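Next come the chains, spelled out residue by residue.
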Amino acid sequence: MVRVDEFPDEFREDYLNREMPAFDESPFVLGPPLAERRVSLISTAGLHRKGDRPFTEESGDFRIIPKDLPDEDLVMTHVSSNFDRIGFMKDADVAFPINRLKELAADGVIGGVAEYHYSFMGATEPGKMAPSVTEIVAAMKADKVDAVMLCPV
Amino acid sequence: MSLVREHSEKIRPPRALWCGFELGRPFGAPNEPDFQRRVLAEALALLERPEGPILDDFPDGPPSGFTGTDDEDNEGWTCPVNFGGGEEPDLEKDPAGAVRREMALLRSWYDLALENNGKTMVGVSGIDMEQCVDYLSAFALDPDAPPFRTDIPRYNFFKLCVDDIKAYYFEAATARPGPATDKEVADWYYGQSAMGEFLLKLNDICSGLDDPVLRKMSDRRLIPVHQHHLKA
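In order, the protein sequences belong to chains A and B. My numbering numbers the first residue of the first sequence as 1 and each following residue consecutively. My numbering numbers the first residue of the second sequence as 154 and each following residue consecutively.
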């Protein structure tokens, strides 16, 4: 399995001690009850629609994933080879739980599922993604999203 | 969601649920919808907590049978195909000759995987898989061989060809029922298959090229870190 504790020593140390963005404060807001929230997913697995542009190195751009995209039309072009893809090959929900989200909405656990979801290619310097995030926030507001789940790989 | 607790401790997001799953599987395991839903619901429930930042630990590991050979119930993955025998290809003429032979042997397993999974990850290069092999073979003979696509950078096209072939091998190799972990299949793919050997050769070639982007991609992306011991 590819767990961080199974990386070779040198790489693991480097990985765990990697410089992270520093924030002076941790924003924390309250909102409506979960059962009233409309949820969107943001993945950093380099996911996109089959036929959409593949991700490139150090790109801060994103791809849009419509809510009802068939599972077989979702592909992955993340540049890293250091995480498991077998799970995703068999079942996309292991990384991008759109079907589970729909089930939670059907059960009334959440209020609804956003029309659009998003993916980045996570092996990118975070600052490069900032302009994309501003764009996504505007799209989410139009989509009445009030909860976002960030899904790393 | 958090898969690397140390990173989340530094970033301090408002609400995070750390899960000790394999990288690449933030919701635990494939085709385990009840388990996935539990993880997702637990993470979403953090939204109702009034104070933070929160970094909670998901209490469980992945479902039984998905923890690799550490798991007593799992005998571990084995390759469904024996690559031995057959005529030796002329690698001087076609450096990917042995890869083509392996891919032919894996074909029926790949077809089975396609049927079982209802989808495939092969195809991200935008060209046929055979052409991916053709390009990499031509590259091994002459790194200036023209790429089949010019609308994306060469390093990107090269990597997508590698990814398509890897997806083919991995899907074929995991077509049989039963869990398989990335490390188990990767040990076989990089360490025992002709494609693994070919990748090491390509990596060697790239490391001697003037193109810094291709060299960097090859150095960082071609062989996973847990297989770096195979590099010369």
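Don't take each hint at face value.
Claimed, not checked - The list that follows gives simulated cross-link-like pairs (lysine to aspartate or glutamate, EDC-like), each with its CA atoms no further than 16 Å apart:
#1 B/Lys272 <-> A/Asp73
#2 B/Lys336 <-> A/Asp5
#3 B/Lys163 <-> A/Glu58
#4 B/Lys163 <-> A/Glu13
#5 B/Lys272 <-> A/Glu72
#6 B/Lys272 <-> A/Asp71
#7 A/Lys102 <-> B/Asp340
#8 A/Lys50 <-> A/Asp71
#9 A/Lys67 <-> A/Asp24
#10 A/Lys50 <-> B/Asp281
#11 B/Lys163 <-> A/Asp143
#12 B/Lys369 <-> A/Glu58
#13 B/Lys163 <-> A/Asp24
#14 B/Lys272 <-> B/Asp295
#15 B/Lys336 <-> A/Glu6
#16 B/Lys163 <-> A/Glu19
#17 B/Lys369 <-> A/Glu57
#18 B/Lys384 <-> B/Asp340
Don't read these hints as lab results, they were simulated from the structure. Here the structure is a predicted model, which is why all the values come from computation and not from measurement.
Evaluation of the provided hints:
no., hint, result
1, B/Lys272 <-> A/Asp73, "holds, 8 Å"
2, B/Lys336 <-> A/Asp5, "holds, 13 Å"
3, B/Lys163 <-> A/Glu58, "violated, 22 Å"
4, B/Lys163 <-> A/Glu13, "holds, 15 Å"
5, B/Lys272 <-> A/Glu72, "holds, 5 Å"
6, B/Lys272 <-> A/Asp71, "holds, 8 Å"
7, A/Lys102 <-> B/Asp340, "violated, 37 Å"
8, A/Lys50 <-> A/Asp71, "holds, 10 Å"
9, A/Lys67 <-> A/Asp24, "violated, 35 Å"
10, A/Lys50 <-> B/Asp281, "holds, 14 Å"
11, B/Lys163 <-> A/Asp143, "violated, 31 Å"
12, B/Lys369 <-> A/Glu58, "holds, 12 Å"
13, B/Lys163 <-> A/Asp24, "holds, 11 Å"
14, B/Lys272 <-> B/Asp295, "violated, 34 Å"
15, B/Lys336 <-> A/Glu6, "holds, 9 Å"
16, B/Lys163 <-> A/Glu19, "holds, 9 Å"
17, B/Lys369 <-> A/Glu57, "holds, 10 Å"
18, B/Lys384 <-> B/Asp340, "holds, 13 Å"
Checked against the numbered hints given earlier, this structure breaks hints 3, 7, 9, 11 and 14; the rest are met.
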